[in-house]
Amino acid sequence: MTWQGLITMSLGAILIENFVLVRFLGICPFLGVSKKTDTALGMSMAVIFVMTAASAATWAVQEYILIPLGVEYMQTVAFILVIAALVQLVEMFLQKAVPALYKSLGIYLPLITTNCAVLGVAIINADNGGGFFESVLFAFLSGVGFAFALLLFSSIRQRLEFAEYPEAFEGFPIALVTAGLLALAFTGFTGLKIF
Amino acid sequence: MTQTMRQFKNGLVDQNPTLVLLLGMCPTLAVSTSLTNAVGMGLAATAVLICSNVVISALRKLIPDKIRIAAFVVVIAGFVTAVDYLLQAFAPALSDSLGMFIPLIVVNCIILARAEAFASKNGVVRSAIDGLAMGMGFTMALIFVAAVRELLSAGTLFEFTILPDAFPKIDIMGQPPGGFIVLGVVIAVMQAVRNRSKAKNAAGL
Numbered sequence: 001m002t003w004q005g006l007i008t009m010s011l012g013a014i015l016i017e018n019f020v021l022v023r024f025l026g027i028c029p030f031l032g033v034s035k036k037t038d039t040a041l042g043m044s045m046a047v048i049f050v051m052t053a054a055s056a057a058t059w060a061v062q063e064y065i066l067i068p069l070g071v072e073y074m075q076t077v078a079f080i081l082v083i084a085a086l087v088q089l090v091e092m093f094l095q096k097a098v099p100a101l102y103k104s105l106g107i108y109l110p111l112i113t114t115n116c117a118v119l120g121v122a123i124i125n126a127d128n129g130g131g132f133f134e135s136v137l138f139a140f141l142s143g144v145g146f147a148f149a150l151l152l153f154s155s156i157r158q159r160l161e162f163a164e165y166p167e168a169f170e171g172f173p174i175a176l177v178t179a180g181l182l183a184l185a186f187t188g189f190t191g192l193k194i195f
Numbered sequence: 001m002t003q004t005m006r007q008f009k010n011g012l013v014d015q016n017p018t019l020v021l022l023l024g025m026c027p028t029l030a031v032s033t034s035l036t037n038a039v040g041m042g043l044a045a046t047a048v049l050i051c052s053n054v055v056i057s058a059l060r061k062l063i064p065d066k067i068r069i070a071a072f073v074v075v076i077a078g079f080v081t082a083v084d085y086l087l088q089a090f091a092p093a094l095s096d097s098l099g100m101f102i103p104l105i106v107v108n109c110i111i112l113a114r115a116e117a118f119a120s121k122n123g124v125v126r127s128a129i130d131g132l133a134m135g136m137g138f139t140m141a142l143i144f145v146a147a148v149r150e151l152l153s154a155g156t157l158f159e160f161t162i163l164p165d166a167f168p169k170i171d172i173m174g175q176p177p178g179g180f181i182v183l184g185v186v187i188a189v190m191q192a193v194r195n196r197s198k199a200k201n202a203a204g205l
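In order, the protein sequences belong to chains A and B. Following our numbering, the numbering of the first sequence begins with 1 at its first residue and continues without gaps. Following our numbering, the numbering of the second sequence begins with 1 at its first residue and continues without gaps.
Misleading hints may appear alongside valid ones.
Think about it this way: if two alpha-carbon atoms lie no more than 25 angstroms apart in a straight line, the pair counts; the simulated DSS-like pairs of lysine-lysine are [stated by the list, open to error]:
| no. | chain 1 | residue 1 | chain 2 | residue 2 |
| --- | --- | --- | --- | --- |
| 1 | B | LYS61 | B | LYS121 |
| 2 | A | LYS103 | B | LYS66 |
| 3 | A | LYS103 | A | LYS36 |
| 4 | B | LYS9 | B | LYS200 |
| 5 | B | LYS9 | B | LYS198 |
| 6 | A | LYS96 | B | LYS66 |
These aren't lab readings, by the way, just hints derived from the structure by calculation.
Turn these sequences into a full structure, and let the hints guide you.
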């Protein structure tokens, strides 16, 4: 891959087609863990790691098991099982190896299984039918896009606590409207092209 | 009979999965650009929800406690695959416009949440009713959001023109930012109504 291709892919995954704000994948953790910047940071790191690892694993499953056996219709079932097993493995590894990080991630780690960004990136990669390196890189960059949106949003939300808004907007509604304004800013990147 | 009524009230109003419990946000935001998509998505998710609730409830005594989540996910993924292929065969246009959000029903938290919270503890008939009620609640929320977005962005409902051409079309409502803002306002309205009825009840007592 040329460096131009790399830059185009990064811009696409992080800004133009941001997983959260443009593709609507991974909204649950985006809204759920964005109240504090430090938990948002922990979650972002975990998601980037799981997305990258999961896309490597699902690429292998797709290429060496599903396609040779002609059972592509088992894709959804196979992918979700691989992702669940992987998350479980990561959890067990972190618990033994880095207990501090394991504790700080808490409940968010098992919840990554049901983060649609992870299954989403696996499905997008399978549809594109790209090579191993390309798929893993795309997953990593998409994870970075998720992290970027989550960190931006959590820092806005921290300031939002001191803002005044109508009572009915308490909690999620005001967060959604804020996310809408953030998404509006991201639509500015549509059609962005360097090369 | 009264218990059935209560289940429906729970699914549609008191514990509406989307507007009150705030589950399944991704599909709500992504497919609510038009009413046709919203209804298609709602019905697909409802079908999966009913089927998976019935099977999980029937197997609830056989599934070991430790691996129950994995077992639930496999059951759900099986039905999602079936729905995905049925839509591709019989409603290809809808299947195209919903795209990857059909396979993503697997990770829709509503379905796993109902399997864990209801179907694994209740009988088959009750679980089927619960699936229907919750699915209707999800579909209803999707329809609310999609109706507002389609009307404001294209001036149509189910592709029939409603607003006159002179009415300005707000393109942004059909795009991602509009999804967030409309859903936020719909949930705010829901909260305002509930706050008011709570205040009324408190005054009555």
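Practice task
Report the numbers of all earlier hints that the structure fails to satisfy, in ascending order.
Solution key: none
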